[in-house]
Amino acid sequence: MKKEHEEFIDSYQDKLSAAILEEVKQSVPADITKEKLHKIMDLTLDAYMLARVNAGECVGLVSAESIGEPGTQMTLNTFHFAGVSEMNVTTGLPRIIEIFDAQKEIKTPMMEVYLKASQNSLDNIKKFALKIKETLLGELVEEYALNIFEQTLRVVLNKALLKEYDLSTKELVKLFKTKSKGFTLDVEENQLIFVHKGKPEEIKELYNLKEKIRSVKIKGLKGIKQVLPVKRGEEYVCLTSGTNLKDVLEFAEVDAERTTCNDINEVYHVLGVEAARQAIINEVYKVIEAQGLNIDIRHIMLVADIMCATGVLKGITRYGVVSEKASVLARASFETPIKHLINAALEGEVDHLTSVVENVMINQPVPLGTGLPGLVTKMK
Amino acid sequence: MMPQVHKKIISISFGIFSPKQIVDSAAAKVVTPELYDREGYPVDGGLMDLRLGVIDPGLRCKLCGQKLKECPGHFGYIELARPVIHIKFVRQVYDILRSTCRSCARVLIPDENIKKYIIFLNNLGAEEGYESRRRKIREIVAKYKLKETCPHCNTKQEKLKLEKPYNFYEGEVRLSPIEIRARLEKIPNEDLEVFGFNMAEFRPEWLVLTVMQIPPVTMRPSITLESGERSEDDLTHKLGDIVRINQRLFENINAGAPEVIIEDLWDLLQYHVTTFFDNEVPQLPPARHRGGQVLKTLANRVNSKEGRIRHNLAGKRTDFSARTVISPDPQISLNEVGIPKDMAMTLTIPERVTEWNKEHLKKFVENGAKKYPGANYIIKADGKRKTITSETKDEILAEIEVGYIIERHLMDGDVALFNRQPSLHRMSMMCHRVKVLPGRTFRLNPAVCNPYNADFDGDEMNLHIPQTEEARSEARILMLVETQLISPRYGLSVVGGIHDAITGNYLLTKELVLSREEAVDMLYTCGVDDFSRLPNKEKLDGKEVFSVLLPKDFFFVGKDKSGNEVKIVGGVLKTGSMDKSNLGQESGLMLRNIYEKYGESFTADLLGKISKLGIAVLSRRGFSIGIGDMDLSAETVEEIHSTIEKSEEEAMKLISLYHKGQLEPLPGRTLEETLELRILESLNKARNKSGDIAMKQVHYSAALIMARCGARGNALNIAQMTAIVGQQALRGRRIDTGYRGRTLPYFKEKDLSPKARGFIKNNFKSGLQPYEFFFGAMTGRDALMDTALRTPKSGYLYRRLSNAMQDLKVEYDGTVRDASGKVVQFMFGEDGMDVSKTKNGVLDVKRIVQQVVEDVQ
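If you read the sequences in order, they're chains C and D.
Each residue of the first sequence is one higher than the one before, starting from 1 at the first, in the numbering used here.
Each residue of the second sequence is one higher than the one before, starting from 1 at the first, in the numbering used here.
Hints are supplied without guarantee of correctness; some may be wrong.
Claimed, not checked - Straight line, CA to CA, 27 Å or less: simulated DSSO-like cross-link-like pairs of lysine-lysine: (1) K15/C - K20/D; (2) K20/D - K339/C; (3) K552/D - K36/C; (4) K386/D - K104/C; (5) K20/D - K286/C; (6) K126/C - K314/C; (7) K837/D - K286/C; (8) K793/D - K107/C; (9) K104/C - K837/D; (10) K305/D - K67/D; (11) K362/D - K25/C.
Simulated from the structure, these hints should not be mistaken for lab results.
Values in this document were obtained by computation on a predicted structure and should not be read as measured data.
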């Protein structure tokens with residue numbers, strides 16, 4: 001397309017959305033005349049103005065309906081195979097509920113870690129996967145040998161695994177300093193030997209030690225239980241089960257811009273509300289698409305926006321978004337009415353009847369849509 | 001006529017009554033637990049005192065002089081012999097007591113810091129709400145409390161404990177409500193600000209009751225049983241208890257009874273007052289009737305779905321409504337609803353008599369209530385209502401004049417709101433034009449089944465008749481079916497041809513050749529009377545017949561369901577056949593384009609014609625499904641069998657590999673999981689493959705036609721009927737073995753073969769083996785359970801969503817704001833477009849470009 005045409009189209013930037021402009025650029029034939037292009041732009045602007053939402057439109061309820069109505073068509077099956085027999089992911093209705101509640105503990109926390117283009121190779125991704133996977137000592141152990149008479153605990157480690165994780169027994173020693181108080185630690189080739197200091201007492205302490213060292217983290221990031229390198233198109237991606245967004249982003253080779261996490265609360269704490277809002281939109285959209293439902297993204301955006309509007313991530317629950325409402329009666333009509341009425345009385349709250357339910361309760365027109373404009377007539 | 005002025009409620013404020021206000025606002029003081037005297041007349045100073053309102057016909061309220069239903073009821077009060085803590089405020093009392101000094105009653109914060117904290121707390125309260133503000137106070141006071149002495153008077157503080165539900169202990173000593181009240185009284189007003197109370201209208205000692213308000217009789221009416229006995233409301237019972245104990249307490253105190261007895265009675269009074277407010281206090285046994293039934297007291301009346309708020313205030317009942325079974329009628333328009341005549345004679349529309357319609361309306365009165373287009377009532381100018389009967393008819397006819405309102409029967413063309421529950425979206429309640437029909441069911445065009453999610457297996461629907469001109473015009477303009485054609489959820493059509501309408505048009509446009517006579521006849525049945533566009537030939541192609549319905553200047557290029565091009569040039573269907581992707585709902589692309597170009601009423605009309613044409617075609621051509629449709633040729637059967645066997649063999653091979661330990665696990669999976677996944681994969685492949693074979697082989701059958709054009713059924717259904725039902729899956733896995741290592745006793749233990757784990761080799765036509773049937777039943781039950789569990793879950797999610805978002809609206813400046821004016825979005829959906837005005841969420845630029853480019857050429 002000619003440059004002047006492109007510039008002309010771009011001059012509509014503050015009147016039309018970028019998506020529409022892009023669409024125009026795509027569909028206009030290259031040899032278009034100036035007059036025709038002007039006409040196209042005029043008509044597009046007209047069409048856009050006609051398609052705008054009317055003032056007073058109760059967009060909130062429409063969005064709620066749009067998400068609530070197909071809820072009955074979603075499957076309840078908690079687990080679903082993401083892609084080719086990768087990992088289990090919560091999908092369907094339970095996942096939607098999880099997101100909208102802004103639950104702190106989600107059922108299947110996951111991350112998709114992208115590496116920077118320059119770093120992207122099969123070798124690197126494998127190395128990286130080993131680096132971030134949380135490895136506990138228990139996973140490396142071949143055998144525990146308890147000697148009651150000598151009061152020792154001999155831990156035999158798997159040589160092959162040690163090599164794979166690029167660890168030596170010597171390096172491990174310092175990790176156990178704090179965990180093994182009351183014991184001295186010896187190292188043999190692939191064995192750790194804990195010897196009880198002082199007089200031999202009960203065997204119990206040895207058992208406790210054994211349990212304790214089993215869950216000592218020796219490598220990786222906390223919370224990342226499993227890492228799976230996968231090929232996505234041309235590049236390799238790390239899928240993790242368990243999340244630790246903050247620490248992952250600190251690696252130099254990680255492409256922080258594309259790396260995502262499905263735990264909204266974690267995104268919120270690490271990256272802030274705006275990121276959380278986008279994460280909600282992405283996650284909900286993913287579920288809805290997987291279910292084969294058609295919900296316009298605008299509706300999901302509105303839900304995400306209301307969850308993040310105060311600057312703090314709030315779930316759509318009685319403790320979250322609903323508790324923010326200005327109207328006492330609106331809150332009372334949702335859940336725990338007595339509590340809200342009592343607090344309102346103590347505080348001396350005034351309900352100004354500006355939203356919907358209160359006006360329904362007292363039989364007055366609702367300030368939405370056609371109930372919004374008032375008409376004053378002079379009576380003679 | 002006097003202009004009517006409506007009062008408008010601007011705001012409602014909440015607060016706590018002071019003892020003085022309770023006494024001042026009371027109509028009577030209740031002093032005796034007796035209700036009625038010997039004649040059955042309410043006792044003065046009793047709980048049914050006539051000053052508290054009337055519930056008996058014939059009696060008049062002693063306070064306002066009004067009769068039953070006119071008198072709203074008046075509050076009374078009783079004076080409590082000893083103060084009692086209000087159960088709902090125990091928490092607050094506890095917080096206040098803990099944060100104030102036990103001797104000087106000042107807040108336990110040094111003077112110099114109080115101001116600072118008040119500002120801090122008020123800001124917190126405004127930002128995060130009352131709850132977190134209160135939590136913060138506790139934290140602040142706890143900080144200062146470490147010192148253990150009051151910063152104002154240096155008294156040592158004792159540890160205060162709340163023993164639920166309402167007993168306070170300081171150290172080991174129990175605090176009586178009198179002492180608590182005395183402490184609260186001492187708190188100076190300035191310190192109250194810390195707690196965030198509304199100081200002008202509030203004192204903390206009011207949280208301990210000395211007088212109690214008695215609700216009016218009208219909110220606790222008694223019922224007269226058949227035997228003439230009176231049965232009192234639960235609240236009256238409870239109040240009776242309170243008054244009785246209160247009297248006893250008074251007497252004992254006056255008589256100077258021992259402290260123990262008084263304490264006991266006092267506790268009892270506290271219990272009764274507590275259960276009067278809330279009978280579900282966790283640590284307290286609920287008060288019961290003599291029969292053991294739990295009393296329903298104040299809190300129970302407000303709470304929950306059946307409570308006052310959600311049941312009576314947020315949900316209301318209405319007159320002028322009807323409900324009956326629905327049935328389909330493709331002959332009525334999309335915008336119409338068929339209403340039984342009997343109903344039309346009960347539901348009425350009020351019409352005001354004017355000089356111009358007087359004679360017209362008189363005719364209805366003449367017909368009376370029993371002859372169809374008649375009238376049931378007239379309302380005189382002064383608001384009095386009269387029934388029209390054969391006796392009163394002549395009298396009424398004579399007196400009718402301008403200003404009267406006549407409630408006439410429902411007639412064709414009136415507007416009605418039609419609704420089916422569950423009303424999940426706005427298309428669940430649409431406006432229809434009335435069409436009075438014989439019969440006893442509502443009739444509706446099958447094309448609107450989809451938005452209502454209705455079928456005709458016994459569904460019932462509701463009908464409401466708007467009674468005012470404003471309501472009617474709003475319904476007509478905003479809610480009429482044709483205005484709701486495009487879903488606000490995804491911006492595509494929600495109504496469209498269904499079932500026969502699609503099949504008929506598919507056959508017509510795909511293969512039929514009609515004689516001119518037939519074509520004219522069919523078109524005429526669907527409302528076409530201009531045949532000038534029908535080509536002047538003896539034999540007509542189905543496409544030519546269909547094209548007559550399309551507008552002359554309509555251009556469309558699209559795809560049909562199987563991906564072939566559909567081209568309409570100048571209102572003539574050139575290539576392709578009409579099927580679900582152009583006529584159906586949720587897709588309906590051709591319809592969507594017509595809507596865009598020719599508007600809603602044209603689309604609704606066209607849809608009606610298309611549906612009728614489809615049905616006319618089918619009834620002429622004949623269309624029926626039979627078991628023969630499921631027959632396959634011998635070779636096909638052979639082919640399918642070999643496919644299944646092959647994949648079964650593959651599965652067995654995998655199993656033997658697994659047993660030998662040679663199976664390679666998939667990354668992140670155990671060996672067992674890998675085996676399961678690979679078997680499932682290969683068996684599903686077998687099903688799909690044999691389904692494809694069956695689809696290809698079934699050359700001509702009604703089932704196949706329906707599946708192809710998307711009217712009903714799909715390839716999988718046909719494959720299951722003709723070829724193979726396939727692997728049954730529970731929770732994404734094959735049928736699992738139970739505790740005994742096998743799915744059914746019919747199989748050997750640890751049998752991993754497809755057969756033993758829910759692979760159904762047969763098809764529905766050949767019939768299933770017993771064990772196969774059982775596996776099918778397992779998945780069937782799982783599906784049922786899934787639906788049963790999902791409905792309430794998604795219902796609750798929906799309720800929460802709608803409650804959270806119901807007050808969001810678009811302001812005149814284009815921002816989305818909530819009721820208090822907080823901005824939620826600066827532009828709805830980032831571009832301010834209404835989804836129902838877009839095409840699947842995007843503005844159709846291509847059409848504009850095409851239009852401009854082609855127009856000039």
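Hints, verified against the model:
1. Between K15/C and K20/D the CA atoms are separated by roughly 63 Å; this puts the pair beyond 27 Å, and the hint is violated.
2. Annotation: proposed proximity of K20/D to K339/C holds, straight-line Cα distance about 25 Å (limit 27 Å).
3. Among the hinted pairs, K552/D with K36/C is consistent with the structure: their alpha-carbon atoms are about 25 Å apart, no more than 27 Å.
4. For the hint pairing K386/D with K104/C, the CA-to-CA distance comes to about 64 Å; that exceeds 27 Å, so the pair is violated.
5. Taking the CA atoms of K20/D and K286/C, the gap is near 61 Å; set against the 27 Å cutoff, the hint is violated.
6. Taking the CA atoms of K126/C and K314/C, the gap is about 38 Å. The hint is violated against a cut of 27 Å.
7. A hinted pair counts as satisfied when its Cα atoms are at most 27 Å apart, and K837/D with K286/C qualifies at roughly 24 Å.
8. The straight-line distance between the Cα atoms of K793/D and K107/C is roughly 17 Å, inside the 27 Å bound, and the hint therefore holds.
9. For the given pair, K104/C sits about 38 Å from K837/D by alpha-carbon distance, which is inconsistent with the 27 Å threshold.
10. Between the alpha carbons of K305/D and K67/D the distance comes to roughly 32 Å, so the proposed pair goes past 27 Å and is violated.
11. Taken as a hint, the K362/D and K25/C pair is broken in the structure, with Cα atoms around 66 Å apart against an allowance of 27 Å.
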